Amino acid sequence: MTFRPRMRGLAVVAAGSLALTACSAGSLGSSDDAGGAASVSITYLAGNLEQDVKEANQLIKDFTAKNPTVTVKLETRPGGSEGDNIVKTRLSTGDMSDVFGYNTGSLFQAIAPEKNLTPISDQPYIGDLDENFKKTVTAGDKVYGVPSGGFMGGAVLYSIPVYTRLGLKVPATWAEFMANNAKIKAAGIAPVIQTYGETWTSQLFVLGDFHNVAAVEPDFADRYTKNQAKYATSPAALKGFEHTQQVHDAGYENKDFASAKLPDGLRMLAQGKGAHYPILTGVVNDMVSTYPNAAKDVGLFALPGDDASKNGLTVWTPGGVYIPNTTTGEKLDAAKKFLAFIASPDGCKSLATTGVPTGPYAVKGCELPADVPQSIKDMQPYLDKSGGSSLALEFVSPVKGPSLEQITVEVGSGIQKAKDGAARYDEDVKKQAQQLGLAGW
Amino acid sequence: MKSVTVTSIRPRSRADATPAARAAGGKIYTPYKYWFYLPAAVLYGVLFVVPTFASFYYSLTRWTLFDSKFIGLDNFRLFFSEPQLVKGFTNTLIYAFVTSGSKVVLGLLLAVLLTSRIVGRAYLRSVVFFPVLASTIGVAIMFTVLMNPERGLINGALGLIGIDGPGWLTDPKYALMSVALVDVWKGVGLATLIYIAGIVSIPREYMEAARVDGAGAWETFRRIVLPLSRPATVTVIILSLIGGLRSFELIWVMTRGGPGFTSDVIASVIYKQYQAGFYGLSTAGNVVLFLVVTAIVLPLSWFLNRKEVDM
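Here the protein sequences come in this chain order: X and W.
The first sequence maps to residues 10 to 450 in the working numbering.
The second sequence maps to residues 558 to 868 in the working numbering.
By construction, these hints were calculated from the structure, which means they are not laboratory data.
A few of these clues could be false.
Have a look at the derived ranges for each label pair, beta carbon to beta carbon [unchecked claim]:
hint: 1; chain 1: W; residue 1: 628; chain 2: X; residue 2: 231; range: 24 to 30 Å
hint: 2; chain 1: W; residue 1: 722; chain 2: X; residue 2: 305; range: 35 to 41 Å
hint: 3; chain 1: W; residue 1: 612; chain 2: X; residue 2: 270; range: 32 to 38 Å
hint: 4; chain 1: X; residue 1: 194; chain 2: W; residue 2: 851; range: 53 to 59 Å
hint: 5; chain 1: W; residue 1: 703; chain 2: X; residue 2: 192; range: 35 to 41 Å
hint: 6; chain 1: X; residue 1: 270; chain 2: W; residue 2: 722; range: 16 to 22 Å
hint: 7; chain 1: X; residue 1: 428; chain 2: W; residue 2: 611; range: 37 to 43 Å
hint: 8; chain 1: X; residue 1: 236; chain 2: W; residue 2: 612; range: 26 to 32 Å
According to the in silico footprint, chain W covers these stretches of chain X (three or more CB under 8 Å from chain W) [said to hold, decoys possible]:
hint: 9; segment: 280-287
hint: 10; segment: 381-390
hint: 11; segment: 415-421
Anything over 10 Å on all C-beta distances counts as not near chain X; from chain W, calculated [as the list claims (entries may be wrong)]:
hint: 12; residue: 586
hint: 13; residue: 609
hint: 14; residue: 654
hint: 15; residue: 658
hint: 16; residue: 672
hint: 17; residue: 690
hint: 18; residue: 711
hint: 19; residue: 714
hint: 20; residue: 726
hint: 21; residue: 738
hint: 22; residue: 795
hint: 23; residue: 835
hint: 24; residue: 856
hint: 25; residue: 860
Because the structure is a prediction, the values reported are computed rather than measured.
We treat Cβ as the ideally placed atom computed from N, Cα and C, and that holds for glycine.
Can you build the whole structure from these sequences, using the hints too?
In structure tokens:
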């Protein structure tokens, strides 16, 4: 499992509505009115969540406005493991759409890119792509995908009014963070919002802490993949679990942490009833559209570690858009044009019109709109600073266990101790590594 | 005299006595030709027999959608070394026995009530049965809302009489039992129905004879209703135990096995492993579940049915 918050649960609903072949959500003019004998029609497979469909339709609309000879038909698929299976099956049967969107990082590696995809390393725009992003869509020495959307940060969203009222400073170390929590609690506000009603939200103290792990142990990801480094035995990596436990032991969680869900968490944060919410910036769009004041009232800081000078942001890369090698001839040319559009400033602008970005874009020349929420703006300094950000572990190592969210719920609810939780997670990832057939497991 | 000797002769067994069987050369008579069985046999083979045996094989492999690798009993070893499984295993047993036991007791009591002469009996009988008809998922979602510790109706009502209700589904101590409670609420109607059928079929003469002999209500219940509704009890126990052992929907919707792993049962562990893409491991889990259900239900069914014959 990879960290895909918005897909959780919806995948079940999506499965029901999926008609694999006939799912064209956006009918954007038939090939007749595209006119001319030179017109070519390609298909684009994207996720079926509301925001995904909105973005895909917008991209298609703006692209075809510039390239009237090309028609793009949108197909949709569910997310989660359901979607993984569909993508893998369609690729292996040669039945993939001409262009498709899919995850980057470890999931991208699992679809055998060298066998199934068309490399785009020779395209002129390739130098404009962000280095971090490029790493997650590279197999062998070739690049295969372009980014659709912005980076996403795994960080602490905090209530700016609470901070101003109590005269607090944004913490750079864990000790400062806990000191702030003590003052916030004394003021009668829940210091740390946790929402275990939706279990994925419980993982941020661990997953969002990876920059701090990598700062102390730069080769952790490598050794982790080779079965040499473990969460339970690496002091730096264990910190994430310990922090989850400390917040619970100190009574800093909101009272209803066990049953609260993501929307409850966002409400508490936007209304200043909770001060900190460790979460992914992918939720900011929803928060701002429900509570407009949150655009300026909610800020962001990276999960604090031990060393203030090495503190930085853990980021998730945007999803990729790829061309399978079953796309040939003029369809291939059209598909390449479509990718070039997505990887251009025009593409980013097109995406930005559909909602609040989840973070800075991975294409050079793409600026965030001036009116982005404060929390998204707060990500930029980390990304601009060298060594100020790292990719999340799941983008640099294929090893990721499926049960982390249950384990962090247990640790954060006081059912299990940090050390035991970490050991249990190490057991959990073993199964994943064996299923992937990695060496050394 | 002669007629007496005739009746004392042991009658010939039925197979010998059937003329048709003799005509078919000793085989049991059947009105159907073999081709008549073929469609059902093909369906049965393709949809049931082949997958069952294929799953036994695949439980010994690590497979993806594209290929499989034989790894012997590793899946089973891994499955049993998982702390989560041990928890799931005990939870499954607790859940199955608690729900099954409660359904027997409550079902019998409700059946006694609903076979008595009370006002609106037919209506009350259908009311008890309604939850059985409702969708499990719907029931689960409804109770999840009712059992919410902060905003749920149940704790709201308890609050009115000064009781601070627990986190029914969020407290590790109560989560499994809360789901079991809902399972009983939903399933007791079926048990009641079976018991009503059992009690109604008890001849009235027994009751009347007992009354003449001076038996009170308790004696009648204990000496007549309880033993004579034994077939109903057997059916209820077997059905609800199998249902409890393989219960999944309620638990999945209400707690997802949580908080953490505290209300996991075997079925939810298997589901999570399948979802994570550990196909071989989850197939092995299903084989284990199959064996466990067989190992519990088969002897139990044999035991209960034997008693029935003895009586």
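Hints versus structure:
1. Range check, residue 628 of chain W to residue 231 of chain X: about 26 Å between beta-carbon atoms, so the 24 to 30 Å window is met.
2. Against the hinted window of 35 to 41 Å, the Cβ-Cβ separation of residue 722 of chain W and residue 305 of chain X comes to about 39 Å, which satisfies the hint.
3. Taken as a hint, the range 32 to 38 Å holds for the pair residue 612 of chain W and residue 270 of chain X, whose Cβ atoms sit roughly 36 Å apart.
4. The given range of 53 to 59 Å is respected by residue 194 of chain X and residue 851 of chain W, whose C-beta atoms sit roughly 54 Å from each other.
5. Judged by the Cβ atoms, the range 35 to 41 Å given for residue 703 of chain W and residue 192 of chain X holds: they are separated by roughly 38 Å.
6. Between residue 270 of chain X and residue 722 of chain W the Cβ separation comes to about 19 Å, which falls inside the hinted range of 16 to 22 Å.
7. Roughly 42 Å separates the CB atoms of residue 428 of chain X and residue 611 of chain W, a value that falls within the hinted 37 to 43 Å.
8. Checked against the hint of 26 to 32 Å, the C-beta distance between residue 236 of chain X and residue 612 of chain W comes to roughly 30 Å, which is consistent with it.
9. Here the segment 280-287 of chain X counts 0 residues with a CB under 8 Å from a CB of chain W, which misses the bar of 3, and the coverage is violated.
10. Counting residues of the segment 381-390 of chain X whose CB lies closer than 8 Å to any CB of chain W gives 0, which falls below the minimum of 3, so the coverage claim is violated.
11. Coverage of the segment 415-421 of chain X by chain W holds [criterion: at least 3 residues with CB-CB distance below 8 Å; count 4].
12. At roughly 49 Å from the closest C-beta of chain X, the C-beta of residue 586 of chain W stays outside 10 Å, upholding its exclusion from the interface.
13. A cut-off of 10 Å between C-beta atoms confirms that residue 609 of chain W is not in contact with chain X; the least separation is 23 Å.
14. Its beta-carbon lying about 24 Å from the closest one in chain X, residue 654 of chain W satisfies the requirement of being farther than 10 Å from that chain.
15. With a cut of 10 Å on Cβ distances, residue 658 of chain W stays outside the contact zone with chain X, its closest approach being about 27 Å.
16. Its beta-carbon lying about 42 Å from the closest one in chain X, residue 672 of chain W satisfies the requirement of being farther than 10 Å from that chain.
17. Its beta-carbon lying about 22 Å from the closest one in chain X, residue 690 of chain W satisfies the requirement of being farther than 10 Å from that chain.
18. Remark: the non-interface label on residue 711 of chain W is consistent with the geometry, its nearest Cβ contact in chain X lying 13 Å away (cut-off 10 Å).
19. Taking the minimum C-beta to C-beta distance to chain X, about 17 Å, the non-interface status of residue 714 of chain W holds against the 10 Å cut.
20. Not every Cβ of chain X is farther than 10 Å from the Cβ of residue 726 of chain W; the closest lies at roughly 7 Å, contradicting the non-interface assignment.
21. No Cβ of chain X approaches the Cβ of residue 738 of chain W within 10 Å, the least distance being about 17 Å, so the stated non-interface status holds.
22. With a least CB separation of 31 Å from chain X, residue 795 of chain W remains clear of the 10 Å interface cut-off, as annotated.
23. At roughly 5 Å, the least C-beta separation between residue 835 of chain W and chain X is not larger than 10 Å, which violates its mark as non-interface.
24. Remark: the non-interface label on residue 856 of chain W is consistent with the geometry, its nearest Cβ contact in chain X lying 33 Å away (cut-off 10 Å).
25. Non-interface call for residue 860 of chain W relative to chain X: holds, since the shortest CB-CB distance, roughly 38 Å, exceeds 10 Å.
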